[in-house]
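Novice: Construct the entire structure; sequences and hints are all you get.
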Amino acid sequence: MLLAQSRFWLPPDISTHGSSVDQLINVTHWFMGVLFVGWGAFFVYCLVRFRARPGHAADPRPIPAKTSKYAEIGVAIFEAVLLIGFSMPAWAQVKYQFPAEDKALTVRMTAEQFAWNFHYSGADGVWGRTDPKLIDPGNPIGLDLADPHSADDVVTVNNLHIPVHQPIIVQLSSKDVIHSFWIPVLRVKQDVIPGMSIPVWFEARETGEYDISCAQLCGNNHYKMRGRVMIKPADEFAKWLESEKVSRPLQPADQEFEL
Amino acid sequence: MSAAAAHAPHDHASPHGHAPSFWRHYVFSVDHKVIGVQYAITGLIFLFVGFCLMMVMRWQLAYPGQPVPLIGKLLASDWLGAAITDKQTGVLLPEGYNAFGAMHGTIMVFMAIVPLVVGGFGNFVVPLQIGAPDMAFPRLNMLSYWCYLPGGLLMSASFFLPGGAAQSGWTSYAPLAVISPGQTVWLFSMVLLITSSLLGSINFIVTIVQLRARGLTFMRLPFFVWAQFVTGFLLLLAFPPLEAAAVMQLMDRLAGTSFFMPEGLVISGKLAEWTGGGSPLLWQHLFWFLAHPEVYVLILPAMGIVAEVIANNTRKPLWGYRSMVYSAIFLGFMSFVVWAHHMFMTGMGTKLSAFFQTTTMIISIPSVIILTALVISLWGGSIRFNAPMLFATAFLPMFAIGGLTGLPLALTTSDIHLHDTYYVIGHFHYVVAPGTIFGIFAGIYYWYPKVTGRMMNETLGKIHFWPTFLCMNGIFLPMLFQGLVGLSRRTYDATVYEAGQLVQGMHVGISWAAWTLAVAQIPFIINFFISLRSGRKVAENPWEATTLEWAAPSPPPHGNFVTEPVVYRDPYDYSPPGRSIDFLPQNKPQEA
Amino acid sequence: MKRDTIRFLAAATAGCWLAAAAASAGGPMGTATIKGTVQLKAPPAAAMAIKMDADPFCNQVNAGKVVSPQGKMVFSDGTLPYAFVWIKSGITGKYDPPADPLVINQEGCMYKPHVAGMVCGQSILIKNSDDTNHNIHSQPKKNPVFNFSQPKKDMTRTLTGNDTFTRPEVMVKIKCDVHPWMSAYVGVVEHPFFAVSAQGGKYEIKNVPGGKYKLGIWHEEWGTLPDVEIEVADGATAEHVFAYEKKTAAAAPREVGVQDLGR
Amino acid sequence: MSADAIPYTVKPHPVTGVPNPKFGIWLFLASEVMLFGALFSSYVLLRVTADSWPHGYDAGRLNWKLAALNTIVLITSSVTMVMAWASLMLHDLRKGRIYLLLTFLLAGVFLVVKYFEYGAKFEHHIYPATDPFFAVYFTLTGLHGLHVVGGMIAIGYLMGPGARLWRTDPEHYANRVECTGLYWHFVDLVWIFLFPMLYLI
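Here the protein sequences come in this chain order: A, B, C and D.
Residue numbers for the first sequence follow the working numbering, so the first one is 1 and each next one is one higher.
Residue numbers for the second sequence follow the working numbering, so the first one is 1 and each next one is one higher.
Residue numbers for the third sequence follow the working numbering, so the first one is 1 and each next one is one higher.
Residue numbers for the fourth sequence follow the working numbering, so the first one is 1 and each next one is one higher.
If you're looking for bench data, these hints aren't it; they were derived computationally from the structure.
Fair warning: there could be bad hints in the mix.
What the hints assert, rightly or not - So the derived list for chain A, only partly shown, Cβ under 7 Å to chain B, looks like this: (1) Phe-8; (2) Val-21; (3) Cys-46; (4) Ala-92; (5) Gly-125; (6) Glu-209; (7) Asp-211; (8) Asn-220.
What the hints assert, rightly or not - Cross-link-like lysine-lysine pairs, in silico, DSS-like; alpha carbons within 27 Å at most: (9) Lys-270(B) - Lys-246(C); (10) Lys-247(C) - Lys-245(A); (11) Lys-173(C) - Lys-87(B); (12) Lys-133(A) - Lys-41(C); (13) Lys-247(C) - Lys-270(B); (14) Lys-112(C) - Lys-270(B); (15) Lys-127(C) - Lys-173(C); (16) Lys-270(B) - Lys-173(C); (17) Lys-133(A) - Lys-112(C); (18) Lys-270(B) - Lys-212(C); (19) Lys-153(C) - Lys-141(C); (20) Lys-245(A) - Lys-202(C); (21) Lys-246(C) - Lys-133(A); (22) Lys-214(C) - Lys-153(C); (23) Lys-73(B) - Lys-153(C); (24) Lys-173(C) - Lys-133(A); (25) Lys-232(A) - Lys-65(C).
Keep in mind the model is a prediction, meaning the values are calculated, not measured.
All C-beta atoms in this analysis are idealised placements derived from N, C-alpha and C, irrespective of residue type, glycine included.
Specialist: Encoded structure:
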């Protein structure tokens, strides 16, 4: 579509479901455009033709405006189409038809002021025990390193690494306030609400690196709550997952220490 | 009917003859006209304050991290409750940006627009248009102003109290609002402002129902009165839930209850003390149950003003007056069942979302009807393009854009991308800024002669209109594209994001448009004040209008009408067929 | 919510305290020295190095480095850094806060110093040496809470009077909400007799007036040890070796009792 | 603006059949319904979504007998309020004022009882923050208590200085009593909802 070319229109869509979102946005905007132009033309025409001038008097008789009635009915019908034809089915599909658990990669995300903490279960597919008591600077979600399941877990802050061409499910939860998990290029947006765990799903069609943004005002540094989604080929992702395992013993502090 | 008015139209004496003291007359007045003016002036001042906050924010948005010119250091002074800018550099701080943002929204909605359109125009014009000597409850009317003013002042004072002003947006979502500084004062001021609106709305409804002049049936009411009537009901029924919500949020902050606070929050690494397991979404439901009708509170009266001005300056009756009235009423009803379309991204189920996007689609129809009726009213008219008419006509396309851009936001699926982006900001500002505010300007130019007995200067009016019109679009049109590109709203520094870097240029343009808009208001301010002294003196009906307010002297005396008006015809009997004159006032008998 | 109230209380009391301090001349300084080392007689705690890729700037300034959480650091000789040692009781005189402020610098997305002590009422200078936004959030129990941002490099803010810490409190945690791994601990004491253990776990408290004192210690990871009776004469030097066998209860102010974040 | 200039301040409007104040008070009550309605629905929502809800009557934390007494007190006060208006209709100011006084006293009794209820809670260290139930309990009863105080002020004014109006304009005075009565019945009604919702179920 013509609009899609402009860099000041929608960002690239690399998701499998996003086309339905874009389609609706584009169709709606064409509809709006037509409505506004047609309506505006009539408006301007009236302003010019019926401007006060010598020898011109107003005609108080109401015009039988059939056209306007038809126009209004037309608008109503088109809105109904947008609603029932596009929006409702797409919404049901995007938000509620989740991919099969075994096909998908599930990641846990815990938002806090002002960071996204991602937790991968690793090769064994089981998440290690987490306990806030264990939270320390190197361990943002308090992963229990004593738990055998933790050994192959991966924890990242703000960086969501995912394989391309595989459905991803992200379990969203928040430590403190309401955030909103938004990946524009994947057409994913979901409020993250404390006390609730809300899943979202998506599948990337292309590799690349893009922004994750917080769409809900969450405090002083809301604007700084920017993450990155890194979409890799499956094998690269596997490599990465292997290399990022939590079991990284520390060196003695002799060199590192400074007061 | 006031005895005083009968014998001394122009002497502002109380019915008992003796002139009231300065205080009774101008400060604690019970005269709807004085109160109306009080509301309007206070509202305009707050409008200016809210605009100033935004102009500072626009600097940060256009030039992130650059010291705010002139006042940069001032905003870090110790007498502020919390520093807005950095003391050394004078750079606007994120917390300062959030505080300004929250206060801009709150001030504009609750302390500027509503008091202007309802408190100001409503108070002054409604009793006149229905031929009443005053509002039904003059003392209540005064009380409502004296709840509004302290509320507004307290809200403004919060900048100087410990913790500074509220920082959680005008929506004050819990839990953020509950843990943020300054919110307590915000809530207390809101309770005052809400009380003021409640008292006002009761007064309006009773006045319109009980005090209409003889012969003024409901279907003969000017559309402006209808708009105020519906607005009255919206305020009456929508505000109490917010009051309840405010009380609960206060309890959460001060008494440690957890209405809106889930259990086990870890705030900045520390366990929070709320253990009741409350619901953050409860706040949003209560808030939007108010705040959506509130949108129509903002727009309906403006539509009313525009209808008056258009009817008057096309010199012909409004087209489809009745359908407009029914639409307004329907709008009022529907506005109570669309609120959750602000919450589509909270994880709403298919059924609920289906319901709310359907109701939202339905509510768009009456707006379309009103707008269409107003445009078709132009057909066959003899349009005078004076200052009020310029703003009134400009209102139509601006409101059209505002309404149309609401469409993709109302559809859940497209809302996935557009929710909480600059698209939303562009959308609702098109409705309230070039929309309602144009309506307000139209109203000021239109009724100024009625209030002061003098005209405002036409030339200055036109000089005011054109740049204002251009700047408004220069500000809000780019925002729609910033939103489509994918820029989150309430972003202190857009350049943090790739999308933001792409549209940073627009931010610069918008800011300059905003500052130019400020300059463009100077002719208006000059006009407003010099016309008080040197404006052309006029008789009661300078616009040759038909509605009742023009039957009263300008300015109307205490008690409004010299002789009790009686209504013989529909509100907009312009260019009656087969007659020499081009207008017949409502109170003129046929044979006249 | 609580923030405002605490601020008020602190302000009030601080006011009085400062007045008192001003009235009394600075307390007596002596010539005695208390020193020693802090040792760990247990296997180091399991830990992960800090990942800084959350913020590209931090990642780049620390490129190639392994950054360990300071609390977990242990020297090769089995001694501990970042232990805060101070005289808990026995000091009689009243001591004015020193003129120059306690400087907390944000550099390489870490707080420098990580552990420090200050005298009640001493001003705090907070500095951002990084080209990224930092947020400084104090989490005291008895002292004023502050929570502000420094979005630009070289921004500084000096906290004085009612805004600084004026009541004795060991320790006050300071945190950056933008970079969750950034934390610093400040021990607020009524006198200047404290020290932080450095290379080889060594600490040294100088200019102590001769006398009989109780010595306290705090460590972010390993917690506190029972107070130590120690006596020292003017001009003399007393030594004490602190040894941690196991993690003790009253460790750093840290969140407890929250439900499993991973659900 | 003195009232006399404004039509229908005292006399009923020919079409609506009510004078302005009565119409106004009904609208005010409508908004009050929305206020308490919002609070009640919040209560319901919190309660149905909670995994486990602590009831007021758990371990006798609430004294339903006292509350029942209060219910009776309020209902009686509604009756005396009506009596006050009725006797004014019969042009008997003295009786009317006595009934107003009775209403005032009964309202006082209600508040005294409430005071002891609250006191008992605080003694057992029960505060709004204790659990979600008491958050609701204190908020709702507290707000209702404020309404009672407001009513007492109005009634107190009417039986005291406000009664002077009777000499100049008895009908106007009777109207005021009637409007205050309407408000008072509403306050009573709210309590009749509160009592079972907080104490019994």
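Novice: Next, verify each hint and record whether it holds.
Specialist: Evaluation of the provided hints:
1. The beta carbon of Phe-8(A) comes within 5 Å of a beta carbon in chain B, closer than 7 Å, and the hint placing it at the interface holds.
2. Of the supplied interface hints, the one on Val-21(A) holds, with its beta-carbon coming within about 5 Å of a beta-carbon of chain B, less than 7 Å.
3. Using the Cβ-Cβ criterion of 7 Å, the hint placing Cys-46(A) at the interface with chain B is satisfied: the shortest such distance is roughly 4 Å.
4. Against a cut-off of 7 Å between C-beta atoms, the interface hint on Ala-92(A) holds, since the closest Cβ of chain B lies about 5 Å away.
5. About 25 Å separates the beta-carbon of Gly-125(A) from the nearest beta-carbon of chain B, more than 7 Å, and the hint is not met.
6. Contact between Glu-209(A) and chain B, as hinted, is not supported at the beta carbon level, the nearest pair being about 10 Å apart and thus beyond 7 Å.
7. Contact between Asp-211(A) and chain B, as hinted, is supported at the beta carbon level, the nearest pair being about 5 Å apart and thus within 7 Å.
8. Interface hint status for Asn-220(A): upheld, as the beta-carbon distance to the closest one in chain B is roughly 5 Å, under 7 Å.
9. Restraint check for Lys-270(B) and Lys-246(C): the C-alpha separation of about 24 Å stays at or below 27 Å, so the hint holds.
10. Between Lys-247(C) and Lys-245(A), the direct Cα distance comes to roughly 26 Å. Compliance with the 27 Å bound is thereby established for this hinted pair.
11. About 24 Å separates the Cα atoms of Lys-173(C) and Lys-87(B), which keeps this hinted pair within 27 Å; it holds.
12. Restraint check for Lys-133(A) and Lys-41(C): satisfied, since their Cα atoms lie roughly 23 Å apart, inside the 27 Å limit.
13. Between the alpha carbons of Lys-247(C) and Lys-270(B) the distance comes to roughly 20 Å, so the proposed pair stays at or under 27 Å and holds.
14. As the CA atoms of Lys-112(C) and Lys-270(B) are separated by approximately 22 Å, the hinted pair is consistent with the 27 Å bound.
15. Of the supplied pair hints, the one linking Lys-127(C) and Lys-173(C) holds, its CA atoms being roughly 17 Å apart against a limit of 27 Å.
16. Between the alpha carbons of Lys-270(B) and Lys-173(C) the distance comes to roughly 10 Å, so the proposed pair stays at or under 27 Å and holds.
17. Distance restraint check for Lys-133(A) and Lys-112(C): the Cα-Cα separation of roughly 25 Å lies within the 27 Å cut-off, and the hinted pair is therefore satisfied.
18. Between Lys-270(B) and Lys-212(C) the CA atoms are separated by roughly 37 Å; this puts the pair beyond 27 Å, and the hint is violated.
19. Among the hinted pairs, Lys-153(C) with Lys-141(C) is inconsistent with the structure: their alpha-carbon atoms are about 30 Å apart, more than 27 Å.
20. Distance hint between Lys-245(A) and Lys-202(C) is unfulfilled; the C-alpha atoms sit about 35 Å from each other, more than 27 Å.
21. Of the pairs offered as hints, the one joining Lys-246(C) and Lys-133(A) holds, with about 17 Å between alpha carbons and a cut-off of 27 Å not exceeded.
22. In summary, the hint linking Lys-214(C) to Lys-153(C) is not supported, as the alpha carbons are separated by about 42 Å, beyond the 27 Å threshold.
23. For the hint pairing Lys-73(B) with Lys-153(C), the CA-to-CA distance comes to about 17 Å; that is within 27 Å, so the pair holds.
24. Note on Lys-173(C) and Lys-133(A): the hinted pairing holds, with a Cα-Cα distance of about 16 Å set against a maximum of 27 Å.
25. For a cut-off of 27 Å, the pair hint linking Lys-232(A) to Lys-65(C) stands: about 25 Å separates their Cα positions.
Checked against the numbered hints given earlier, the structure breaks hints 5, 6, 18, 19, 20, 22 and satisfies all the rest.
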